[in-house]
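Q: Letter by letter, the chains look like this.
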Amino acid sequence: MSTFKQYSILPGFNLALGFTLLYLSLIVLIPLSAAFIRTAELTWPEFWTIITTPRVLASYRLTFGASFAAALVNAAFGLLVAWVLVRYDFPGKKIVDALVDLPFALPTAVAGISLTALYAGNGWIGQFLEPLGIKVAFTPLGIFVALTFIGLPFVVRTVQPVLEDIEAELEEAAATLGANRWQTFTRVIFPVLFPALITGFALAFARAVGEYGSVIFIAGNMPMISEITPLLIITKLEQYDYAGATALSVVMLVISFILLLIINLLQWWNRRRSSDSLGSP
Amino acid sequence: MSIEVLSLSKQFGTFAALRDVSLQVQSGELLALLGPSGSGKTTLLRVIAGLESADSGQVLFHGKDATNQHVRERQVGFVFQHYALFRNMTIFENVAFGLRVRPKEFRPSKAEIRERVMELLHLVQLDWLADRYPHQLSGGQRQRIALARALAVEPKVLLLDEPFGALDAKVRKELRSWLRRLHDDMHITSVFVTHDQEEALEVSDRVVVMNEGRIEQIGTPDEVYEQPASPFVYEFLGNVNLFHGRLHRGRAWIGDLEVDAPEHAEAEEMAAIAYVRPHEIEVERTRNGEAALAAQIVHVLSVGPIVRLELVRENDAERNPVHAEISKERFRELQLAKGDKVFIKPKRLDLFPSYPHSHLQH
Chain A
1 MSTFKQYSIL PGFNLALGFT LLYLSLIVLI PLSAAFIRTA ELTWPEFWTI ITTPRVLASY
61 RLTFGASFAA ALVNAAFGLL VAWVLVRYDF PGKKIVDALV DLPFALPTAV AGISLTALYA
121 GNGWIGQFLE PLGIKVAFTP LGIFVALTFI GLPFVVRTVQ PVLEDIEAEL EEAAATLGAN
181 RWQTFTRVIF PVLFPALITG FALAFARAVG EYGSVIFIAG NMPMISEITP LLIITKLEQY
241 DYAGATALSV VMLVISFILL LIINLLQWWN RRRSSDSLGS P
Chain Y
282 MSIEVLSLSK QFGTFAALRD VSLQVQSGEL LALLGPSGSG KTTLLRVIAG LESADSGQVL
342 FHGKDATNQH VRERQVGFVF QHYALFRNMT IFENVAFGLR VRPKEFRPSK AEIRERVMEL
402 LHLVQLDWLA DRYPHQLSGG QRQRIALARA LAVEPKVLLL DEPFGALDAK VRKELRSWLR
462 RLHDDMHITS VFVTHDQEEA LEVSDRVVVM NEGRIEQIGT PDEVYEQPAS PFVYEFLGNV
522 NLFHGRLHRG RAWIGDLEVD APEHAEAEEM AAIAYVRPHE IEVERTRNGE AALAAQIVHV
582 LSVGPIVRLE LVRENDAERN PVHAEISKER FRELQLAKGD KVFIKPKRLD LFPSYPHSHL
642 QH
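Here the protein sequences come in this chain order: A and Y.
Using the numbering used here, you'd call the opening residue of the first sequence number 1 and step up by one each time.
Using the numbering used here, you'd call the opening residue of the second sequence number 282 and step up by one each time.
Careful: at least some of the hints might be erroneous.
[To be verified] Listed below are several chain Y residues computed to face chain A (Cβ distance under 10 Å; list not exhaustive):
1. H351
2. Q356
3. V357
4. F359
5. G379
6. L380
7. R430
8. K622
9. I625
10. K626
Simulated from the structure, these hints should not be mistaken for laboratory data.
What you are looking at is a predicted structure, and each value in this text was computed from that prediction instead of being measured.
Note that beta-carbon positions come from the ideal geometry of N, C-alpha and C, so glycine has one too.
When you get a sec, could you build the whole thing from the sequences and use the hints?
A: Written as structure tokens, this is what we have:
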């Protein structure tokens, strides 16, 4: 312990670190390892069979595919929302700002039910989309809509403070040097926003992968078509197939972990290229 | 290239930042805009740059109206107080930025950009930092890079907004004289904003003193220091003693002192303020028969060859301090000490009628 403890003016290093490790173990590591231990009841071939049935594979594709697409859309439109909230003053700005957090606070089932009501064939929006041949409710598209809904705050709330921190002087400097708005955005503003945008994207993605409540109402839950992995896990649990449920959990855990790791690496790489500090003092 | 500013006015809400300001900047000169915060100097600079638009008035570059020209097209180099370097780019890329964003047909080739950037980095003596990022540089280095970046686009005028304001005193002084030398080499028309009178007087060819959105005086550093045109300029430029007195038909009275004031010949029995610089006060042991003011030394501060005395005039109920600077020789000769009673006499003073509401501001 003392070998890597460096003298610091801040007291309580041992206590704080000890508590942090204990807390993380209790809250995160032990439950997660339980999933692995439970899975260990299965033999490798059994495990492999469970996690590679066509129905399960289809659910992976849907869960991660729809989550990725939703997170991408959120990254783009969340950036736009954050931009508008930071850059412009308009009546009702405070209300719009508060609205952004709504998907956060709303019980997910409520979101699921209201989205279903809106997008169903006879719903407010669905009735106009149906004649165009676009079915949203009870299709993968519906899942995508729900995941987009719940992921929005993550991008907005991570990008917003960074955008607020960008000095107007940077843009003015770019303008005096002859850059047009597009060049200023792509070369000066966006690179600064990028790490925050990636973080927001990762959070929205992670949230979407684990989302259950809002999706099951709008998804229709048809095997092979609109069935997400969390639903499969619940189904297995209801059939008292605990090992099978945890096997799927482990797969999701590992995939999520790898994806987050990649995103973290991406950020680390980006940070090394430029400064992490906020530039001018 | 010359710059001409014609009766600019600019209002921020109820605050008048510029009130009918007109100014001419000669081609190739280094001009300082000097004033306290809120005097409108930065606003004026930003209007010249095109970063701010005035409510009324005109900006002319070399006789051509540029009032409605976008900042992109004005070809001005602008240096910000807090550098405003692009933190995601290396020093090289920062300097190259202005060249890289040019439309294709005007954009130099990669090799030309490289050559030009290295040339500029060499000019600001920081070519060895080309691959670093802004956060790895000190404040003084960052500001020099900001200057190199502004010069990269070959601007016709260089505008600097408190360029040394964020730096510590030593670096500030170094950069100041360095900027002066750079300007002497390049002769690019430059305007810089500062609230530091020493900086303005030391670096510039001409100084524009601003207060409350107006120009108080324009002149060479010597002119504004030696012949301040208004009480404000007097108080803003350097230490000054202020005596209250009376003006009547070309004569002025300050306590026992009676002086000629021919420029106020038409004044009829009015209150006046006299300004005297500390080094223009003579200190004597005795009255010597001449008119002088009796005072007592309350503080002695000896710095290098100069001795600063703080005095209080006799019969001054408010005990306003009077500052005098005398040479150490003279100080020894008079054998002065704290508590001594002496007589002071201004070698030169400037009188201004004092109006009920003055524009003075500290």
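Q: Each hint needs a verdict: does it hold in this structure or not?
A: Tested hints:
Taking 10 Å as the C-beta contact cut-off toward chain A, the hint placing H351 of chain Y at the interface holds, the least distance being around 8 Å. Below 10 Å, beta-carbon pairs count as interface contacts, and Q356 of chain Y has one with chain A at about 8 Å; its hint therefore holds. Residue-level restraint check for V357 of chain Y holds (minimum Cβ-Cβ distance to chain A is 6 Å; threshold 10 Å). The interface hint given for F359 of chain Y holds, since its Cβ lies 4 Å from the closest Cβ of chain A, which is under the 10 Å cut-off.
Given hint, G379 of chain Y at the interface with chain A, holds; its Cβ is 4 Å from that chain's nearest Cβ, closer than 10 Å. Here the hint on L380 of chain Y is kept, as its CB sits about 9 Å from the closest CB of chain A, short of 10 Å. Contact between R430 of chain Y and chain A, as hinted, is supported at the beta carbon level, the nearest pair being about 7 Å apart and thus within 10 Å. At about 52 Å, the closest approach between the beta carbon of K622 of chain Y and any beta carbon in chain A exceeds 10 Å, and the interface hint on this residue is violated.
For I625 of chain Y, the interface hint is violated, since its Cβ never comes within 10 Å of a Cβ in chain A; the closest pair sits about 46 Å apart. With its C-beta approaching chain A no nearer than about 50 Å, K626 of chain Y sits outside the 10 Å limit, and its interface hint is violated.
The earlier numbered hints that this structure contradicts are 8, 9 and 10.
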